[in-house]
Amino acid sequence: MIVMASMMAACAAPQAPRAKKDYVEFPAGNPRSILIPPVVNNTVNVDAPRYLLSTIPIPVAARGFYIFPVNLVRGMMNEEGLSDANMVHAADPTVLGALFGADAILYITIHSWETEYLLVTATTTVSFSYVLKSGRTGEELWSGSAKISESSEDGTTQSDDGDSSWLEELIGRTILAAIQTSAPDYMQLAREATGQALGGGDQVFPAGPYSGKYGKD
Amino acid sequence: MFCILAAGLLISCAPQHQQYVWGSYETELYGYYKNPDRLENLMKALEAAIARGENSAQKTGSAGGAKTSRVAPGLYAEYGYLLMTKNQDAKAKRYFEKEKLLWPESAVLMDKMIKVIDQDQSS
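Chains as they are written, first to last, in my numbering: chain A, 1 to 217; chain B, 1 to 123.
Excised from the complex, chain A in its bound form (with noise of 0.2 Å):
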């Protein structure tokens, strides 16, 4: 039996409380698994679903999840014929959910980004939403949609409601370092997304299994 006693770990130094929203559950079991299908990509920049799929699971596993391998994954969905973002997207999420073993699945969906320059300052913004559905009864358990904003001035970002979760911050600012290619730049948000995740902060969905946060926000 693995004992996965790191996890239970409570965190050491009290985290400053931020505005958190009332407890939440997700509405139907707790999953324990996430499986991350083709990105839809409503944009030229070809690179974005990629760096999203190589970068997304670190910090869902941090978030206490288990993540299915997403190169085995992709590969797989190929032999199955199912390589079309749209199709998968669009199909009943029970299939893939059978077809993996999935309690959970997470579409993400990247509609647009655009670059506003004024002066020497170029502010980029990318427009995405997602949605996490059961993989075994194909219900809605989680969704939302960000505009996240980052500026070459400062290397700040934002987001359009200033209210975003840690998996919003991520996928936006991910997407932002793909359509920028600046390495350097996805470093420091990468850690900062991460540490997000780990140290808390607005929460989009409850923590998984191998949390230490397991049923206590």
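The hints are simulated quantities; they were obtained by calculation from the structure and are not laboratory data.
Predicted model, so just to flag it, every value in this text is computed and none were measured.
A virtual CB, placed ideally from N, CA and C, is assigned to each residue, including glycine.
Mixed in with the good hints, there may be bad ones.
As the list claims (entries may be wrong) - Pair ranges (Cβ atoms, derived):
(1) A:Glu139 <-> B:Ala107: 20 to 26 Å
(2) B:Glu97 <-> A:Ser145: 37 to 43 Å
(3) B:Thr85 <-> A:Leu119: 47 to 53 Å
(4) A:Asn86 <-> B:Gln121: 35 to 41 Å
(5) B:Ala107 <-> A:Glu140: 23 to 29 Å
(6) B:Asp118 <-> A:Glu114: 48 to 54 Å
Said to hold, decoys possible - From chain A, some residues computed to sit far from chain B (all C-beta separations above 12 Å):
(7) Gly81
(8) Asp84
(9) Ala85
(10) His89
(11) Thr109
(12) Leu118
(13) Ser129
(14) Ser145
Position chain B against the provided structure of chain A, taking the given hints into account.
For chain B alone, kept in the frame of chain A given last:
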């Protein structure tokens, strides 16, 4: 090199959140997506991350003998899959079994992969 999780520790709560060792998996995975010739780099990154995850597990073994593995979710399976693409089925199967043992959530998928290998070998 690109240990995102370790870097994240600098601004978040310390050791107890350092659950897994990812190594440079993320960077090499992206590199591989951009350029399939980088398959070997990805495999080496997985080997290194797995080795470190297994080695640090031994150090944190509790007094009762139970060990906590720090191999990240999916890494054994990813490595196994790449081995399959190189026709190293027997070795791939061992890694799928490791993934299944460490992560019960992977059982359905791992059983499928193991079955594919068994069928290939018996034909």
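Against the structure, the hints come out as follows:
| no. | hint | in the structure |
| --- | --- | --- |
| 1 | A:Glu139 <-> B:Ala107: 20 to 26 Å | holds (23 Å) |
| 2 | B:Glu97 <-> A:Ser145: 37 to 43 Å | holds (40 Å) |
| 3 | B:Thr85 <-> A:Leu119: 47 to 53 Å | holds (50 Å) |
| 4 | A:Asn86 <-> B:Gln121: 35 to 41 Å | holds (37 Å) |
| 5 | B:Ala107 <-> A:Glu140: 23 to 29 Å | holds (25 Å) |
| 6 | B:Asp118 <-> A:Glu114: 48 to 54 Å | holds (51 Å) |
| 7 | Gly81 | holds (16 Å) |
| 8 | Asp84 | holds (17 Å) |
| 9 | Ala85 | holds (14 Å) |
| 10 | His89 | holds (20 Å) |
| 11 | Thr109 | holds (19 Å) |
| 12 | Leu118 | holds (30 Å) |
| 13 | Ser129 | holds (23 Å) |
| 14 | Ser145 | holds (25 Å) |
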